[in-house]
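A.B. asks: Each chain, written out:
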Amino acid sequence: MDYMKFFNLANKKLIILLFIFLVAFILRFGDVTKVPPSLYWDEVSQGYNAYSVLTTGYDEHHNLLPLADFVAFGDNKAPVNIYFIALSMIFLGKTTLAIRFPSILLGSLTVVCAYFLVREVFWQHKKRDILALVVSGLLAISPWHILLSRASYEANIATFFTVLGLFLFFLAKRKYGWIYIFSSISLVVGFYSFNAQRVFIPLIVFSLIVLYWRDLLKTKKMIFLSAVVGAILLIPMFFYLLNPDSRTRFAEVNIFSDSGVVNQSNTWLSEDNNSLTGKIFDNRRVGYTFLYLKHYFDFFNPQYLFFTGDVDTRFSSQASGELWLWELPFILIGFFALFKMKNRTTWFVFLWFLLAPVAAATARETPHALRSETYIPIYEMIAGLGLVTAYLFLKEQKRIFFYTVFSFVFLVAIFEGVYLWHEYFTTYPIKNSYDWQYGYSQAIAKTEKLQKNFDMIAFTDTYGRAYVYYLFYANVSPQTYWKEGNPTADVFGLYNVTRVGKYNFRGGIIEQSSDPKRTLYVASESQLKPDLRVIDRVNFLNGDPAFLLAVKK
Amino acid sequence: MNKKIITLLVLALIFLLGTFLRFYQLGKTPDSLDWDEAAWGYNAYSILHTGKDEYGVSFPISFKSFGDYKQPVYIYSEVLPIAIFGLNAFSTRFPSAFYGSLSTIFVFLLVFELLYKTKNRDRIALAGALIFAISPWSIQFSRVAFEATLGVFFVLVGLYLLLLGIRKKSNIAFVISIVSFALSAYSYHSEKIFMPLFIIVLFLLFHKYFLQRKVLTAFLLILIFLTNSLWLFNSTTTARGASVLFTSQQTQLLKNSANAIIYDHQHNDKLGVLLNNRRIVYANTFILNYLKHWDPNWLFITGDLQRHHAPGMGLLYLISLPFILFGLFVSFRDKFENRYILLIWFLLSPIASAIAIDAPNAERSLIMLPPLVIWEAVGFMTFLNWSISKNLMIVKRFLLIFVIIAYIFNFGYYLQQYFAHTNYDTQQYWQYGYQQAAEFAATQTNKNVYFDNSIEQGYIFYLFYNKFDPAKYQAMHTNSGMGKSCWSIGTVYFGSCQTKVNKGDLYITSNGDPFTKSKLINKVQYLNGNTAVYIYEKS
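As they're listed, the protein sequences go chains W and F. Going by our numbering, the first residue of the first sequence is number 1, and it counts up by one from there. Going by our numbering, the first residue of the second sequence is number 1001, and it counts up by one from there.
Bound conformation, chain F alone (with noise of 0.2 Å):
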């Protein structure tokens, strides 16, 4: 009895730091919001208001926004945070740090469940618990309004309560598994990738106990079918993820194998034309973006986008690297009950990045970090019982100590190098200036104001910043989005509208002047000096 309240208090102690490492500075740091940001805010301003979405759809299951049609489990979420704040960068990112902090507990649970037969579970299951708390990779995402988190979230709850129906024989819990794990899939793609695969093989590992259960396997089957139809069925959402596809930007990726046929054809080369066949390119393709995931380069040191981790590191502590090896090692060695859920999970979990462009993707590949939290674990709670085993020897005390110090430089970098540099580093990523120039664009009342295309999004911009009246808009807009020809909201104007500028007219730019002789009247500075948004008044 006492042991467990320990645990508990512990685990309290655990889910306020990862709280705190989430929610600290929320909305400062990055000091401001990306385009999809601003739209999942003010998409959710616009149901709290007017029950409709920016283009007067109510309720949407998709919202179509710059026309990547938004997953809505994000936008839902921020309904409340915004009415209770207000519409600012707090509230909007205000989900992603709550399922972020949350998660945290989910994997205590998790661990708890996975390793139900395995000694020492619960301080296994603390360890779990505090390394995502602590990891940057989660931190990084639950720090800004990106649905990653959210689809995370949904998995190990999912995976929580599939584990306990069973080992429970609980009914309610498989129909709030499934549920949760529809929710992920309409959180966010690639769980729509991640999520039905992952569930066949789980019901494959425990087909035992499924096929005991006709009934209720038939009936969760249909309920998962049921729960998912909405997005399955839904053109725009699977339109959306075919157009980031590799195979999309199939002149680049087929070039070299197109001339090589070509070349064969020439040359008479019959096992050539057979060699240089595009459907090789596919498949190496999409088995190099795999492995790319598993690249310690991108993991340890360098990760991908600027926006997707802390300047100068990577997604993962290097000091992980060996504890991560080891407690897969572990878990195979020692035959944990589950080690097949993780490894598989693993394995599946680069796939949606893999048929994705821009390969290796820290936040397409979000769902890869729980096993890799889990297997550090393991490989450090063994560790740790190794060292401070009865057998003295100097050697493993001596490395106890420096593994420990180097979690803690670790972590002081990583808090370093976040929030002291991810502002003066990462603003032009985060789109800064752009806040400043549509706050600026609202006091202008007698003048026409004009966004450049190099400011891009600059409507939902300035839409949020000055909470501009949803239902106003809904009512009063023609083209907004991805349209490049030019429109207006009142006497602001976006779009190709160069032509159309008078003298007067104010023109807001993120390049040089485009009439030559302009007055420069205002212009944002990012933190590092050079120049984010220039305002310039034609003469």
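Same shape as in the complex, but just chain W (with noise of 0.2 Å):
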């Protein structure tokens, strides 16, 4: 088929995808500025700094339109979210709307692109757009896909272009060679997006050299020219990673500085007298390749895959799993089928789902929903196989057995969603406030009316990078901020904000000596000492205290 018959509106599988679509943008916009209750602080920061880079053309960092990364809070962000949400701010303003959209978008936009991508994928197999539209459903109605979607994750962006650019490779492939060419722009930007594409691509731009270099050959001067592109596409990226500051967030997270390992290493040797087989057996190296397969196993925790996710509230509501419990089975099934099918789709699509993990099996919290998105549509492409060869299958069988089968797998498939559903709206947000660092915009509120009054503001910094809530919701331009603030980089190169104009930000007892008389403290509630006032509150959704705004007595 080709794709300009495609685009037909009398071609049902395009209405049926359409409706996939708008079932996927419904599920991620719907609510989002109240599911979830809150900007988380990465959400605030990447906002203040594509309003920073759309009203100045500087970062708030004071550097001119960056492209490798945002030095933000020393973390440095991936550039590519934060230009599309300055895209965002443009028709949408400065809102939280505006910062989730970029992801919510791209993220329905998925769901679409993997519809094609399965299609090239699965080019042999016999019912390849009815599969296309399983997988393409699948990931519409996936939590994982669904929450990582309603706020502004780098990953989610990541996963897009990845996806996006993957689908672009098999489509050059069987047909227009000179689609390669856009092919390597998405994958390139799909690595300028989130730290675990630049692990991940490289390994599947290989994979697809080893399993695809026949084809390749054939499009020489193609590929020769995609090859080129990307490569200068990269130049900034290259000397970003040269550079030792990219390493400290990896060094920081990554499992090889546990010295646990050597610990227990040097005891093994020493009990058993540092003999021969101890030095080859309890060597060190043996151990962290153990702890690097514990690691990389974790991402089969059952718990975490199929009841409650990550353990992080933000990536999962803790009321499902990051897959449906009901697909399970197919999971299983689609696993058989496609080594049966015992070609070079098989292999593709084994790699992708081996090579997932890889750069977040290093780190030490896993298994962890967000930086391993890349699994999401490869589950679901194996899900999907495996239910459409059940489907197969069952269909030449008696009808009763096929009936009882696909009811069963539908009711247990309906609680689940509702049972997401209704927790996941209901007492999600309530419980999980906190997680979401609630309360900033009401209490920054609050304050900003009444600052005319005081000659300064203490605010509470314990819920965390209090100094960028406040630059986002009071307004504060950023040629004031470059003026007014004091950004300090730490040892670890992370930067601590205390001071921007009239607030301070402030950790520990919120009130000091030198304070002027007329201050106006916002505190939490244990850094609140009985001499203040509590003059006005903010709480938590579930009723807690969070911001206790407090005057001198």
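Among the hints, erroneous ones may be present.
Claimed, not checked - Each computed SDA-like pair below joins lysine to any residue, with the alpha-carbon atoms no more than 20 Å apart:
#: 1; chain 1: W; residue 1: 431; chain 2: W; residue 2: 539
#: 2; chain 1: F; residue 1: 1270; chain 2: F; residue 2: 1280
#: 3; chain 1: W; residue 1: 294; chain 2: F; residue 2: 1322
#: 4; chain 1: W; residue 1: 340; chain 2: F; residue 2: 1333
What the hints assert, rightly or not - Far from chain F by the CB rule (all over 12 Å, computed), these chain W residues:
#: 5; residue: 11
#: 6; residue: 19
#: 7; residue: 29
#: 8; residue: 124
#: 9; residue: 236
#: 10; residue: 241
#: 11; residue: 364
#: 12; residue: 450
#: 13; residue: 490
Stated by the list, open to error - Covered stretches of chain F, as calculated for chain W (at least 3 residues, CB under 8 Å):
#: 14; region: 1269 to 1279
#: 15; region: 1291 to 1297
#: 16; region: 1329 to 1340
No lab work stands behind these hints, which were simulated from the structure alone. Glycine included, C-beta positions come from ideal geometry on N, C-alpha and C.
Reassemble the complex: the two chains are provided individually, in unrelated frames, and hints are given to aid placement.
C.D. replies: The following block contains the structure:
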């Protein structure tokens, strides 16, 4: 089928795909400014940097149009999402929705791209169109993907460009060689979107070359051209990666700095009197191999995959797994069907599956739903394959059997869906507003109203990164911040800001003896001493106090 | 003919290897008995000399012991080894090692029978026997007095004879098969769940055979019922089983659900009340517990309790992982005759462990091992045939060499971890030091000796290591086992006796001095230098 013919409103598949897109968009967009209840600090930081770039051309650290990274908190954020947010702010203003919109939109478009990717990847499959629709539909309702599309996550943008780039690769390979250039561009953008993609994209590109080198040789010129375009686009990143700053974040979170392995190895060596066998087997390298595999296998933890998801409530509602439990049998059947095909598609899908957590497994916090987001399309692809295979198989069997199985699966699926829906929209924001740094916007609105009457505002930093919330919600212009802010880097290269104009940001006891008489205090409950009088408050959604506004008695 | 002899020779070598790995330093690694092991040993010793258990019950079907009502097969299996080798760690652990070693042969026979129509079945069967012989999971439980090994053995025998009976139409084989299946249930609790389900499935799978032979089938069903009735209608056995179900920990399990329902009622959320139902918590818990037995970290990297795996590794060799999956795949791709038996075996095996507390549990799910071993054998042999096939490819040879080195390395790593580190790293989980304390207590005939409750079930160690005359013990004892109040065997006291300790009495504890200013007269240390047991004299 030609793509010219595909985009025709008489085409049923297009109508179904549009419907799936609509469902995906509604599930990602619906009530997104209330659930999750507030912007967490990375979202606000991205939002403020986007605003800064949009209005001045410089980021918060006064760097002109950064290409490889935004320094932000010193965590060197990937640039793509920030520029998308800047774009979205043109239309939606400096709002919560504007910050989340790129993730929502590209998340929904990933669902569409997945359709085309599956169609190309499974080109030899008899039912490739149905398979592609099923996978697209599964991705649209994937709890993992929905939740990550409902906040401004770089990973979600990266997943879009990865799926798009791979689709364009297969399209180019099958028919239109010139599209390789766009595939290359898309994958490079993916590379610029998220840290984990800096590992995944080179690995998957290498896999593609190994698997399809014969096809690639057919269009040497285009391949060469795409490689050159990709290489040119990577130049800023190349210089950035040479810079030691880029590695601090990795060093901070990786498992190979864990001294436990070395200590264990030394203990074992001494238990066995430094014997030769001890030196071979109780070697720290063996220990690190086991440790890495442990973190890698963490991604197959059944509780994580099918019951409560990531322990971080920002990535999972705890009301469902990352995948639906009812998908499990289809994933298993899907693997069987995949290996039975025994062609290059098998190996492509399987390699993607194996490579997805390679980067994320080097970190201490595993399993990590965000850093392994590249898993989602591949899990849904395998589950979709299983679903289609099971459907075709059961259709040939006795009808009663077919109906029993599928109605059971359908009931479980409905139950799981309703359960998540209910939990996510009723109790999730209430239970977890703390994790979303709830209350900053309300607290800052209150202090801004009162600030004329005070000489200083001592604002709590116990919830972290208070300054950026102040900049964002108090509409502080970047120029003012560059003049009045005092960002200072610590030894790890992370920035602290303790003062912007009248505002001071404090971690410990909120009151200091040198404070002027007319000081407004905004503190968390534990920072407050009884000599202050509370005049107003902002609570977390579960009723616990978040911000207490107080003055001297 | 020649080929047969070679196969048998290789099998004999594999059997010897498996036996060696199970009997080498048996009783010394791990170097102490835990309380259950000591209880198995002493009850068997008691049966040997008096025909009664420690409570004076003649030839029980279920042994009260600590109130956990131990199953009979292990204890009766110990009687002979104890008669020959005396009462010690070696003889106590002998049945486990013996049945574990013998299982190797039955894995061979079972694979041989399962793959009756497959080419090269003798080689696959040999591979299966070898993999089982060196399997860390099997060796771990074969070297300690745990009943799980016996349960697996009798299931292997039962299934083998059932298949043989069907192929040869042998009624004798069926009868022995049924008896063997029943013995598995008398060996270990897990098989009480697994075996009946498995038998039902087997009868369904072979329904054509059995429907044609209605008399035989009726006879076998009655036999199944009769052979299992002794445990089925024994309330102590079933009560013990129920006490370890996860549903017995209701308050903890349902805490979240209960809170959620209260919240839903407050907010008049009818859908919420429906969704936070406790039945859903039960279903979720069961499925999660079940799936935890598929967790690759549990299987290949960490294992569960320290007593269930060698230090620094999981239950299986890492290199086994791809071959297990590949073997499973091949068995379906090539439509092996009995592929469903293995799959269903695998799927049923974690159920008993999943309905219990503390899932995943390597002991309760040991029955999961044989299908994994057989798939690994199938996968490995398929790989081997592929890698030495005539189509010469350097990659294949390299892959083969890599795999062989990986197996050797995994095996070496296991031997190193198990034999060099088990005693150092796990003594505290094997109640190390109780033996020394018990032996010391027996030498203090002129003083009162008190065992603190921190020396858990200290009395059984005292009886075991001093070979206390069972007849004498049965006659004198009033309150042993789980009882926590103060009681004694002669001048040696157990239970909560702190208040009765007088000046000059000895007090044995694994905690610090309870009386302040007592004289520390002896202590037992773990190999890692920490103290296992303190012996104080009250002053």
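A.B. asks: Now tell me, hint by hint, if it's right for this structure.
C.D. replies: Verification of the supplied hints:
Using a Cα cut-off of 20 Å, the hinted pair residue 431 of chain W and residue 539 of chain W holds, with the two alpha carbons roughly 12 Å apart. Pair hint residue 1270 of chain F plus residue 1280 of chain F holds up; C-alpha atoms about 16 Å apart against a cutoff of 20 Å. For the given pair, residue 294 of chain W sits about 16 Å from residue 1322 of chain F by alpha-carbon distance, which is consistent with the 20 Å threshold. For the proposed pair residue 340 of chain W and residue 1333 of chain F, the alpha carbon gap of about 7 Å is at most 20 Å, so the pair holds.
Here residue 11 of chain W stays apart from chain F, with its beta-carbon at least about 37 Å from theirs, past the 12 Å limit. Every CB of chain F lies more than 12 Å from the CB of residue 19 of chain W, the least distance being 26 Å, so the non-interface label holds. Separation of residue 29 of chain W from chain F is adequate, the least Cβ-Cβ distance of about 23 Å exceeding the 12 Å criterion. Every CB of chain F lies more than 12 Å from the CB of residue 124 of chain W, the least distance being 18 Å, so the non-interface label holds.
For residue 236 of chain W, the non-interface assignment is confirmed: its Cβ lies about 38 Å from the closest Cβ of chain F, beyond the 12 Å cut-off. Distance to chain F confirms residue 241 of chain W as a non-interface residue, since its nearest Cβ pair spans about 32 Å, more than 12 Å. No beta-carbon of chain F is positioned within 12 Å of the beta-carbon of residue 364 of chain W; the least distance is around 15 Å. Even its closest Cβ contact with chain F, about 34 Å, leaves residue 450 of chain W beyond 12 Å, as expected for a residue assigned away from the interface.
Every C-beta of chain F lies more than 12 Å from that of residue 490 of chain W, the closest at about 35 Å, which supports listing it as non-interface. Using a Cβ-Cβ cut-off of 8 Å, 4 residues of the region 1269 to 1279 of chain F lie near chain W, which meets the minimum of three, so the contact claim holds. Three residues within the 8 Å Cβ limit are the bar, and the region 1291 to 1297 of chain F against chain W gives 6, so the coverage statement holds. For a cut-off of 8 Å, the count of residues in the region 1329 to 1340 of chain F with a CB near a CB of chain W stands at 3, and the three-residue condition holds.
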